[in-house]
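As you go down the protein sequences, you meet chains A and B in turn.
Residue numbering for the first sequence follows the numbering used here, starting at 2 and increasing by one per position.
Residue numbering for the second sequence follows the numbering used here, starting at 122 and increasing by one per position.
Honestly, the hints are just simulated from the structure, not real lab data.
Heads up, none of these hints are tricks.
Across the chosen pairs, the derived CB separations fall in these ranges:
hint, chain 1, residue 1, chain 2, residue 2, range
1, A, Leu273, B, Lys181, 26 to 32 Å
2, B, Gly137, A, Asn33, 43 to 49 Å
3, B, Asp180, A, Glu186, 54 to 60 Å
4, B, Lys181, A, Thr371, 29 to 35 Å
5, B, Val123, A, Phe329, 32 to 38 Å
6, A, Pro276, B, Ala197, 27 to 33 Å
7, B, Ala197, A, Leu284, 29 to 35 Å
8, A, Glu186, B, Lys181, 58 to 64 Å
9, A, Tyr184, B, Glu143, 39 to 45 Å
10, B, Ala197, A, Ile281, 21 to 27 Å
11, B, Lys181, A, Asn33, 53 to 59 Å
Just so it is clear, CB atoms sit at the ideal spot from N, CA and C, and this is done for glycine as well.
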Amino acid sequence: MGKDATLVEYGSLSLNKKGEELCGDHVVATGNSDSSSRTFVLADGLGSGVQANILSTLTSTMLSEMIEGGLSIEESVEAVVKTLPVSKSRGNVAYSTFSICKLARDDILYVYNYDNPFPVYLRHGKELSIPVQETVVEGKRIAFYQIKMEAGDALVFMSDGVLYAGVGETMNFGWGRDEIVHYLEALYDDSISAKNIATLLVDHCSTLYNHRPGDDTTTLVIKKREREAVNVLVGPPTNPDDDEKTMRLFFARGGKHVVCGGTSTKVVARYLEKPILTDIDYLDPEIPPISHVEGVDLVTEGVITLNKVVEIAKDYLGGNSLYFEWSFRQDGASLLAKTLFEEATDISFFVGCAVNPAHQDPRYNIDISTKMGLVEELTKALRTMGKRVRVAYF
Amino acid sequence: MVTLSICVGSSCHLKGSYDVIEAMRKLIKEKGTVDDIDLKAAFCLGKCAFDGVSIKVNDKIITGVTPDKVKDVYEAEIAPLIGK
Numbered sequence: 002m003g004k005d006a007t008l009v010e011y012g013s014l015s016l017n018k019k020g021e022e023l024c025g026d027h028v029v030a031t032g033n034s035d036s037s038s039r040t041f042v043l044a045d046g047l048g049s050g051v052q053a054n055i056l057s058t059l060t061s062t063m064l065s066e067m068i069e070g071g072l073s074i075e076e077s078v079e080a081v082v083k084t085l086p087v088s089k090s091r092g093n094v095a096y097s098t099f100s101i102c103k104l105a106r107d108d109i110l111y112v113y114n115y116d117n118p119f120p121v122y123l124r125h126g127k128e129l130s131i132p133v134q135e136t137v138v139e140g141k142r143i144a145f146y147q148i149k150m151e152a153g154d155a156l157v158f159m160s161d162g163v164l165y166a167g168v169g170e171t172m173n174f175g176w177g178r179d180e181i182v183h184y185l186e187a188l189y190d191d192s193i194s195a196k197n198i199a200t201l202l203v204d205h206c207s208t209l210y211n212h213r214p215g216d217d218t219t220t221l222v223i224k225k226r227e228r229e230a231v232n233v234l235v236g237p238p239t240n241p242d243d244d245e246k247t248m249r250l251f252f253a254r255g256g257k258h259v260v261c262g263g264t265s266t267k268v269v270a271r272y273l274e275k276p277i278l279t280d281i282d283y284l285d286p287e288i289p290p291i292s293h294v295e296g297v298d299l300v301t302e303g304v305i306t307l308n309k310v311v312e313i314a315k316d317y318l319g320g321n322s323l324y325f326e327w328s329f330r331q332d333g334a335s336l337l338a339k340t341l342f343e344e345a346t347d348i349s350f351f352v353g354c355a356v357n358p359a360h361q362d363p364r365y366n367i368d369i370s371t372k373m374g375l376v377e378e379l380t381k382a383l384r385t386m387g388k389r390v391r392v393a394y395f
Numbered sequence: 122m123v124t125l126s127i128c129v130g131s132s133c134h135l136k137g138s139y140d141v142i143e144a145m146r147k148l149i150k151e152k153g154t155v156d157d158i159d160l161k162a163a164f165c166l167g168k169c170a171f172d173g174v175s176i177k178v179n180d181k182i183i184t185g186v187t188p189d190k191v192k193d194v195y196e197a198e199i200a201p202l203i204g205k
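Next up, chain B with everything else stripped away, as it sits in the complex (with noise of 0.2 Å):
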């Protein structure tokens, strides 16, 4: 199980929080990995002076996600600890 935050603080809210997790939401139900990952929000993970939102994966924080950018994030960063 991966625990996957997106920050909805001030700035981040700012900078599209909402539709970072939209993004997020339709692509895990794509990827039918639903079950695999405890989609939370998180108040400021105090990473605000980067562009875009910050998302935090289990322990390690990435900053700047956009929407555009999501797809690519879960390749890197989610897909390959929970292998599917």
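Next up, chain A with everything else stripped away, as it sits in the complex (with noise of 0.2 Å):
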């Protein structure tokens, strides 16, 4: 693990306003955890569907690649405002409503927010009242504020369909801001991961609005937090003389270690001098039980669990409706989704690739290349969602 202890995470989640195929908000981050800063804006275009969302990638497409060229706020925004079509039928306004933060390698959080309902600062998940202060660009104020960001710091971006859920449906006002903040403080959890934040934010509008959106609804949540490293062993080696060093290389990291497959399993029992210990209660029909040896976090089996977890993964990076049934099971791929999605920050894959001959029946459509090709998708989604990957091939 490098110098750095913490990492910053983000994730986004965005309902569409009911009939509308395109959505009108939008989210551009640009850097990574490796980057000297990293910007990230959400966007809110005037009105709905294609223009919007024309209007709101637009936007934020423009300010981020400018910011991240080095231009300021200021200059950025009086670019945009000049730049973009104006609207005649909407009183000659144009681009959409945005909030902006730019963060530097110093950990030093610039926020600016433009007429979307003002972000929610969370720290270890109480909001904290930053002093705000004003500046006018173009005739547009335009509030802002820096702060120092650290673990446990939680930044909540949201359009106004966020703040007016349920107008139409349940509610005459919408719930207002002082209820998402109570919502957001009664979620906040330093285990659970930025996605998994704007995904419980954006499903309670949902149900306020009776899951027929009268407008669109976007919350982009970025959250700074320690990093966890985890260990993933996916089968035995291919020269079963290299168990005993595998192993040891293994189980020299830090961190926590999982075991994927039940030849591992034995491999790391063999080594490890422990019974394995395998559930009978199969908690999901589809998911074969996972065992327990004793110094080993989680053992589950192999390419069925891990065929699961890709496709939580590839749900987790988009609309995140698997969440509500992974976040409270106790099978082998909810476990194994938690800990790599929520838990990890920096994973590392022993990938052994030894033929298994239980896997040669091409009935059963499972060989040597489903394996590797399913760790080669999960460290795909992985790395989309931010996590330093690392694999290696025994």
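From the two separate chains plus the hints, produce the assembled complex.
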């Protein structure tokens, strides 16, 4: 692990206004954990549908590109206001409302907000009140502040669809920012990922709207957290003579240890000189039960479980609708998803390439390439989530 | 006490471990032998090339078990060991 013991992750989720194919809100994130600075923008285009979608996409992309390119926020906003076409039918306004955050390498976070609901800044799950200043660019009043971001801090951006959730359905005026803050404070836990905070907030909005959102509803969460290492062993080494050496390398690493696959588990149990206790309860008929080996944090079956985790990972990066299942289930795939998506920031895969004779039956469609393909897909998804992933083959 | 392990490795899982476990549980309950049998799951028993699920009765591995064969396997392999 590098010197920095913390990592910034982000996640966003949108609901489209009912009947709309396109979302009028747009989120852009630039940079990754290795960049010298990172910029996040949530823009809400005026109106809905295609026009709003184009406006918010243009606004957020232009702003993030210019800010990332070193222009000041004032210069960037000025350029956006002057460049975007003006809609005569909408009172001569054309760009969208926006929230911007720029995170510099020294962890100083600059937040700018123009006409979006005022962002919520949580420190260990409590709203932090920060003195806000104002600047006027091209006649637009932009609120801004800066703060040094610490582990356990989360910044929540939202479009006004979040603020007015419920209008026209369950409430007259929406639930209001105070209630949103209460809701966020209640759900916050240091272990919850940025994506899942966004998911829980947007899902609640969907409920308030009776699943018929009256406006595009988007949340972007940026969270700083402590780094956690997780090591995953998938399959035994090609050459059994390497078992001992591979095990030594695997267990020498700090952090959690996860073992996927029956044969790998046997190799691990032999190395640790501990018995394998397999659960008989199928918590999910689709996923083989987990096992327990003293000294290993999680022991699951191999390919079937991994296949399910890949499916969950793809969903997590999109609509995250399976979250409401895996977040509380205890089957192997759900537990592995929780470990990898929520707990881990730095993941090392130890992939053994031994061919499992059990998997050579063509009727069941699993062979060594299946496993390799799953590891590759999972690695890609985890990197997209902002995890640092390293894969070694044995 | 008889130790009965049912394989839940990838291959057996795909061949129906879940249904075999459920069928065996039901049968053991019907027979009233819950206290005589230690029902467990096991990872791969190394007999993947056979059809059906592998199970282990004490130290003897029986392959090719399917839900409809559970009763026969019980009568032939388990009942004699517990005398019920």
